[in-house]
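A.B. asks: Following the hints, position chain W against chain F.
Residue numbers (my numbering), protein chains in the order written: chain F, 1 to 407; chain W, 1 to 407.
Do not take every clue at face value.
Heads up, the list lumps identical chains together, so a pair's fine if it works in one copy or across two of them.
[Stated by the list, open to error] Below are the SDA-like pairs computed for lysine to any residue, each with C-alpha atoms no more than 25 Å apart in a straight line: (1) K129 with A60; (2) K18 with A60; (3) K129 with A59; (4) K129 with R63; (5) K129 with F107; (6) K129 with N144; (7) K221 with T375; (8) K221 with S205.
Keep in mind that the hints were calculated from the coordinates and are not lab data.
What follows is the residue order along each chain.
Number of protein chains: 2
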Amino acid sequence: MGTIVQKFGGTSVADAAKIRLAAERIVRAKREGNSIIAVVSARGDLTDELVALSHEVSAAPPRREMDMLLSTGEQQSVALMAMAVDALGEEAISFSGAQIGIVTDSFHTKAKIKNIDPTRIIEALDAGKIAIVAGFQGVDENFNVTTLGRGGSDTTAVAIAGVLKADVCEIYTDVGGVYTADPRLVPDARKIERLSYDEMLELASLGARVMQARSIEFANKYNVAIHVRPSYSDSEGTYIVREVPEMEGIVVSGAAVSEAEAKITLRAVPDRPGVAAAVLGGFAARKINVDMIIQNISASGFADMSLTVPMSDLAEAREVAVALTEDLDAGRVEVDDNIAKLSVVGIGMRSHTGVAEKMFSVLAAEGINIQMISTSEIKISVVIDQASAQRALRAIHRAFELEKAPA
Amino acid sequence: MGTIVQKFGGTSVADAAKIRLAAERIVRAKREGNSIIAVVSARGDLTDELVALSHEVSAAPPRREMDMLLSTGEQQSVALMAMAVDALGEEAISFSGAQIGIVTDSFHTKAKIKNIDPTRIIEALDAGKIAIVAGFQGVDENFNVTTLGRGGSDTTAVAIAGVLKADVCEIYTDVGGVYTADPRLVPDARKIERLSYDEMLELASLGARVMQARSIEFANKYNVAIHVRPSYSDSEGTYIVREVPEMEGIVVSGAAVSEAEAKITLRAVPDRPGVAAAVLGGFAARKINVDMIIQNISASGFADMSLTVPMSDLAEAREVAVALTEDLDAGRVEVDDNIAKLSVVGIGMRSHTGVAEKMFSVLAAEGINIQMISTSEIKISVVIDQASAQRALRAIHRAFELEKAPA
Numbered sequence: 001m002g003t004i005v006q007k008f009g010g011t012s013v014a015d016a017a018k019i020r021l022a023a024e025r026i027v028r029a030k031r032e033g034n035s036i037i038a039v040v041s042a043r044g045d046l047t048d049e050l051v052a053l054s055h056e057v058s059a060a061p062p063r064r065e066m067d068m069l070l071s072t073g074e075q076q077s078v079a080l081m082a083m084a085v086d087a088l089g090e091e092a093i094s095f096s097g098a099q100i101g102i103v104t105d106s107f108h109t110k111a112k113i114k115n116i117d118p119t120r121i122i123e124a125l126d127a128g129k130i131a132i133v134a135g136f137q138g139v140d141e142n143f144n145v146t147t148l149g150r151g152g153s154d155t156t157a158v159a160i161a162g163v164l165k166a167d168v169c170e171i172y173t174d175v176g177g178v179y180t181a182d183p184r185l186v187p188d189a190r191k192i193e194r195l196s197y198d199e200m201l202e203l204a205s206l207g208a209r210v211m212q213a214r215s216i217e218f219a220n221k222y223n224v225a226i227h228v229r230p231s232y233s234d235s236e237g238t239y240i241v242r243e244v245p246e247m248e249g250i251v252v253s254g255a256a257v258s259e260a261e262a263k264i265t266l267r268a269v270p271d272r273p274g275v276a277a278a279v280l281g282g283f284a285a286r287k288i289n290v291d292m293i294i295q296n297i298s299a300s301g302f303a304d305m306s307l308t309v310p311m312s313d314l315a316e317a318r319e320v321a322v323a324l325t326e327d328l329d330a331g332r333v334e335v336d337d338n339i340a341k342l343s344v345v346g347i348g349m350r351s352h353t354g355v356a357e358k359m360f361s362v363l364a365a366e367g368i369n370i371q372m373i374s375t376s377e378i379k380i381s382v383v384i385d386q387a388s389a390q391r392a393l394r395a396i397h398r399a400f401e402l403e404k405a406p407a
Numbered sequence: 001m002g003t004i005v006q007k008f009g010g011t012s013v014a015d016a017a018k019i020r021l022a023a024e025r026i027v028r029a030k031r032e033g034n035s036i037i038a039v040v041s042a043r044g045d046l047t048d049e050l051v052a053l054s055h056e057v058s059a060a061p062p063r064r065e066m067d068m069l070l071s072t073g074e075q076q077s078v079a080l081m082a083m084a085v086d087a088l089g090e091e092a093i094s095f096s097g098a099q100i101g102i103v104t105d106s107f108h109t110k111a112k113i114k115n116i117d118p119t120r121i122i123e124a125l126d127a128g129k130i131a132i133v134a135g136f137q138g139v140d141e142n143f144n145v146t147t148l149g150r151g152g153s154d155t156t157a158v159a160i161a162g163v164l165k166a167d168v169c170e171i172y173t174d175v176g177g178v179y180t181a182d183p184r185l186v187p188d189a190r191k192i193e194r195l196s197y198d199e200m201l202e203l204a205s206l207g208a209r210v211m212q213a214r215s216i217e218f219a220n221k222y223n224v225a226i227h228v229r230p231s232y233s234d235s236e237g238t239y240i241v242r243e244v245p246e247m248e249g250i251v252v253s254g255a256a257v258s259e260a261e262a263k264i265t266l267r268a269v270p271d272r273p274g275v276a277a278a279v280l281g282g283f284a285a286r287k288i289n290v291d292m293i294i295q296n297i298s299a300s301g302f303a304d305m306s307l308t309v310p311m312s313d314l315a316e317a318r319e320v321a322v323a324l325t326e327d328l329d330a331g332r333v334e335v336d337d338n339i340a341k342l343s344v345v346g347i348g349m350r351s352h353t354g355v356a357e358k359m360f361s362v363l364a365a366e367g368i369n370i371q372m373i374s375t376s377e378i379k380i381s382v383v384i385d386q387a388s389a390q391r392a393l394r395a396i397h398r399a400f401e402l403e404k405a406p407a
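Here chain F stands alone, though its shape is the one from the complex:
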């Protein structure tokens, strides 16, 4: 009796059998009286296969052509899904990003949605059809195909839900929801019933890998209720919703570990005003996202500066760092890609003190050294040795009693 956006990721449409299963779920929701828009990703590993193929023909494929290539993955999926729904006796119509006017900027391979024209989807829904929409893709103002970056189908789904004022945006996953920690690392991790956008945004950025961070920003902006659900059963997953006062009672909602960053240390940087800005500016100029940064106490006019960068930018970041040490007449550059970032997230931190203290003493009791620290209003992250990361995560999970449902 409502409007539901259902998003199926690559593993949920990996082969014909899984596509048929997803189609059954779509048809069931339709027959319960709802208007359904299904947003579909490329089949399983197809995107990776196409990327590999592109590198066989070019060492540096132009991004515009990469988008033209990769967008075929979702187009195949929507066509197959529409066929599967049709075979179950419901009318379906597939749409590419271009066909429903998902207009983006022109930053190929990581475009941002500027506008969605829902006319064609609304026409289809009014005609009693199920709309099957290609995730991850759009077109710029000159009809060049663009893509939204890995995980972009989440953003497509949430954006459509926002434009249509859908009752809920269901994200189907083979994990089944958002957990207090990665269940593969923490056996007694618990599925979280309800999270605020802010918490999910922090977790998404910290390696929880459930949803693209940008999709949560959209959900927040357009007030879209998200339900991250299991693709393998009808049970409830995790609702991601606007914050309500009672959420503050939960001090720590979840914990996460990320091994996707590396630490770069610039030794013996002259300790004078403007140097830190020069260092950060050097990385920013190359679009390298510096996450954490610390500087030790100056000794005889020089200090060591450490920062973390995404592992995927490490080679470029090292070049930048070496160039900076030459410009600044600083010491050598050291790289440590054997680090992990351990984080705890919770809205309750805003009003509860002592979270950092508890986290640090748990790690001390485990004999784990903290290399860097960064905090936000609702998050504390520390950099530790990668070898200790899983043990640290389990200790933190236990210390904050995350396995127990909140009262």
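C.D. replies: Chain W only, in chain F's frame:
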């Protein structure tokens, strides 16, 4: 120094190595000073794989969705080709059918081109870029993706050449040209230097499988010079051009055998006016294309009627025939899918007599029975036993001395 359309079929872009080879050819032609538009098909067996996948999700996939699915094959090819050209140091830009406004009717899976807007291609060429265009596909007036049927990339290439008034439309094949007969069946078959549109049209319809028949109609209408060329070398292939008087000197240009038809015989059909029309009307109503039709001499008010239909329509055609015999109170239906159609084609037949006589006496000398005959101004076809077809083709090829180049 001209404008050249180059069309690469599925085998010419089957893998990364072949795509790179085709890209080298494109770049070479560009660096000789030409403006190049490359029209590209789907990689090798990808279309067949996608069709198989569609049948895994639906017993009867809707045609609109089939087009949405299959059109991704060419889109992948153009992106990969543009990457390969770029890697060789020339600027390229890929276009889907939708992006360059190839507007078709809405007959999904066998749409016909209504209009092409060359603006974007011309802009690309004027900017010094190589335009890489997806063959086989277009969009209807509501932006639904359509496809032009198997071999439709030929039609895309010829239509673009026509709209741009290109100097030549080069069709690259792994056969290397049009032959006097299929070289796999007739070892001394000879590559034909020059053919008229009418002859190529007949050969294309008769199983020569070099080009889609509709593409030749386009070439004829817009006077596009076609050059069917080998993809594996730089040697010349076959030019398909407007007829010139000297072509009439060649009585028979080529011969072909097709096993793609079956014969249906309706026994003891009442021999009265209107019956033949009723029979043909019955097939036409089901869109079954009847090729040849004969009726034997009436005996006591009843006659036998035989007709040939495409093998792919045989099951449906048999149903139609059985229904017709019931309606007409006729005798039984017999089906023979063990036939072959042997044809000779040549413009010179218009002005030279004796071709049919020679063909029939050669077959008689070989002891091969002729079951049905049909003729046009420039073609004679006979239906014979399939087992004798290759022997008959070789005998005819020899009798008309097709292995010898015309004087």
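A.B. asks: None of the hints should be skipped; say for each whether it holds.
C.D. replies: Outcome of the hint check:
1. K129 with A60: between (42 Å within a copy, 18 Å between copies)
2. K18 with A60: between (34 Å within a copy, 18 Å between copies)
3. K129 with A59: Close across copies (20 Å), not inside one copy (44 Å); limit 25 Å.
4. K129 with R63: Result: close only across copies, 16 Å inter versus 35 Å intra.
5. K129 with F107: Cα proximity of K129 and F107: across copies only (21 Å, versus 33 Å in one copy).
6. K129 with N144: Between copies only: 16 Å across, 28 Å inside.
7. K221 with T375: Only inside one copy: K221 and T375 sit 24 Å apart there, 72 Å across copies, limit 25 Å.
8. K221 with S205: Classified as within: same-chain Cα gap 18 Å, cross-chain 60 Å, threshold 25 Å.
Figure legend: structure checked against the earlier numbered hints; every hint is met.
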